[in-house]
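S.K.: Chain residues, written in single-letter form:
Number of protein chains: 2
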Amino acid sequence: MIRLVFIGFGTVARGTLQILRDRAEFLRTTYGFEAMVVGVATRRGSVQAAAGLDLTALLACDSLEQYPDMSGIVRGASIPNIVESGDYDALIEVSATDLSTGEPAITSCRAALERGKGVITANKGPVALAFRELSDLARNNGAFFGYEGTVMGGTPALRLAREALAGCQITAVRGILNGTTNYMLTQMEAGQSYADALIEAQRLGYAEADPRGDVDGHDAAGKVAILANVVLGAELKLSDVETSGIRGISAADMEMARAAGERWKLIGSAVRNVKDGTIRATVRAERLPLSDPLAGVGGVSNAITYQTDLMGAITLIGAGAGGAQTGFAILSDLLEMHRDAGR
Amino acid sequence: MIRLVFIGFGTVARGTLQILRDRAEFLRTTYGFEAMVVGVATRRGSVQAAAGLDLTALLACDSLEQYPDMSGIVRGASIPNIVESGDYDALIEVSATDLSTGEPAITSCRAALERGKGVITANKGPVALAFRELSDLARNNGAFFGYEGTVMGGTPALRLAREALAGCQITAVRGILNGTTNYMLTQMEAGQSYADALIEAQRLGYAEADPRGDVDGHDAAGKVAILANVVLGAELKLSDVETSGIRGISAADMEMARAAGERWKLIGSAVRNVKDGTIRATVRAERLPLSDPLAGVGGVSNAITYQTDLMGAITLIGAGAGGAQTGFAILSDLLEMHRDAGR
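Residue numbers (this note's numbering), protein chains in the order written: chain A, 12 to 354; chain B, 12 to 354.
It should be emphasised that the hints constitute simulated quantities derived from the structure, not laboratory data.
Beyond 10 Å from chain B on every Cβ pair, some chain A residues (computed):
no.: 1; residue: Ala35
no.: 2; residue: Met47
no.: 3; residue: Glu219
Derived list of chain A stretches under chain B, where covered just means 3 residues or more per stretch with a C-beta under 8 Å from a C-beta of chain B:
no.: 4; region: 294–305
no.: 5; region: 320–334
no.: 6; region: 338–351
Glycine included, C-beta positions come from ideal geometry on N, C-alpha and C.
Starting from the given sequences, assemble the full structure and let the hints guide the process.
M.R.: Structure (structure tokens):
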């Protein structure tokens with residue numbers, strides 16, 4: 012029985028909790044995996060229960076204070092208090108991403124790993140900004156560190172590179188890493204203006220009220236930093252990623268690409284220079300020929316092409332976000348942690 | 012040190028041997044993996060050496076009888092003799108596929124697994140025709156059974172489904188599973204006739220002199236049977252796969268698809284009926300809209316789309332064949348066997 016503490020109670024937390032509740036029987040019989048949620052904390056409050064929270068009651072709450080008063084319930088502990096003193100096996104860090112500081116997630120991950128607790132996160136901050144420190148901490152403390160959900164939601168892009176391509180050397184990574192801008196570009200290709208495509212993306216909940224993180228390429232840059240550090244073994248800072256977005260693309264640009272049999276895509280890439288081993292990382296709009304598998308990726312889908320020495324190009328296409336999808340990424344990390352523990 | 016016996020000395024065997032030789036240092040330092048080839052056998056002869064064959068000398072041979080006489084070399088043992096009495100840890104079954112009988116590969120795999128030896132194969136026969144028996148044998152004898160190279164060459168399609176998508180339920184599999192026909196269809200789209208596209212594919216070595224296995228869909232059907240049995244847990248026989256090919260496709264058919272914004276692809280699929288759990292498996296030419304990620308897969312590339320409950324559609328695109336690529340699949344199975352042994 013793995014005891015979990017969640018930091019964050021948003022879409023990803025709920026997606027994960029729902030999977031853990033609905034698949035409990037399947038996970039137990041198929042993988043011998045059993046989990047219990049002993050605490051959930053946000054900046055606005057927390058609820059803990061050593062015997063486990065009731066997931067159905069929890070999922071019925073809009074905020075944690077609505078969780079019913081039952082015996083054994085403890086409220087009001089702060090995030091650092093729970094992370095540093097709580098009795099749990101794995102911390103599920105799914106608070107909102109802050110790509111400027113990575114906080115408070117980095118501090119939580121660090122504290123849990125220092126205690127030898129497992130850490131699983133879908134928060135790009137810790138992995139884009141402090142991957143080396145945190146993975147060293149995990150190794151030195153014999154703790155599990157999982158971060159599959161930070162890139163392409165639940166589509167197992169990092170696991171593909173780490174496990175399924177083990178034995179290959181990956182020399183470059185290129186991808187469509189932001190679903191919002193890919194949706195907008197798909198709409199612009201169909202004739203919408205940039206402004207209308209943005210309004211549509213906001214209406215559908217793909218883009219936030221302040222869309223700069225998406226349209227200026229910052230979200231994609233965070234994922235490029237993660238891919239460069241995790242897959243290519245770089246030690247890039249986010250500021251090392253040369254980043255631009257899709258704001259400059261006009262109707263005339265779209266038309267020129269169409270006439271040439273090409274498509275505009277916002278491409279994040281990290282490429283190892285074979286001569287000196289340095290990694291160049293960029294996010295920028297590029298025109299792709301239709302023969303490129305990334306050109307066919309429309310709407311909010313994401314995709315990554317790994318360039319490998321033995322296998323040539325391998326492309327993975329799938330959902331890039333969503334509570335259930337990213338919840339699956341958390342689950343897949345939990346199952347890996349469970350497998351490792353059984354060795 | 013894992014001791015290997017190879018059955019077969021063709022493109023895949025050579026691709027694997029070359030990787031084992033060229034990456035020995037990388038594999039040892041990165042994964043603690045060391046292997047030695049103690050025997051290679053074909054129907055025409057064999058060469059064995061308890062202390063290990065010299066891979067450079069072996070790769071310089073066109074046939075095994077050219078392997079130099081050194082002390083400790085034993086020649087002339089038959090395949091069954093080596094498989095049943097040889098001293099080795101894993102059998103690498105890479106003889107030519109026979110989809111009618113699966114032999115002699117099935118007999119070799121069975122004999123090795125019964126002795127508790129690991130078996131790794133890129134031969135579709137044993138996995139398309141005897142998957143259940145062989146995987147039961149492996150489990151009951153605590154032996155490793157790897158078959159990643161049987162579908163999509165080295166592109167890790169089976170590993171993606173088995174490992175990276177663990178925790179998801181896969182409800183359907185659809186793919187472009189035969190590179191030869193995909194190459195021909197790509198050429199026909201560009202205006203070539205079926206006959207010319209076939210000659211071109213034969214000239215380039217993609218199609219064999221007798222092209223029926225490819226153009227009539229039998230090769231793809233073998234892979235559909237493997238996917239249905241391995242990924243969907245079916246117990247399909249090859250004859251359960253409703254199979255047709257690309258022979259009937261005319262220039263007029265190509266033009267009609269083009270005018271409708273669609274593309275002809277030879278699609279292999281296996282779909283679980285949600286009501287009664289039965290699996291329907293087919294291979295047939297289909298017209299795909301350009302919005303389908305499989306529509307963008309050109310030339311000899313292969314691709315598979317897994318339909319999953321939690322993650323929606325996940326598509327993997329990559330090389331479908333080749334000695335180095337399939338050799339990588341063998342290596343990835345060897346690394347998994349090595350990881351398992353370390354648990």
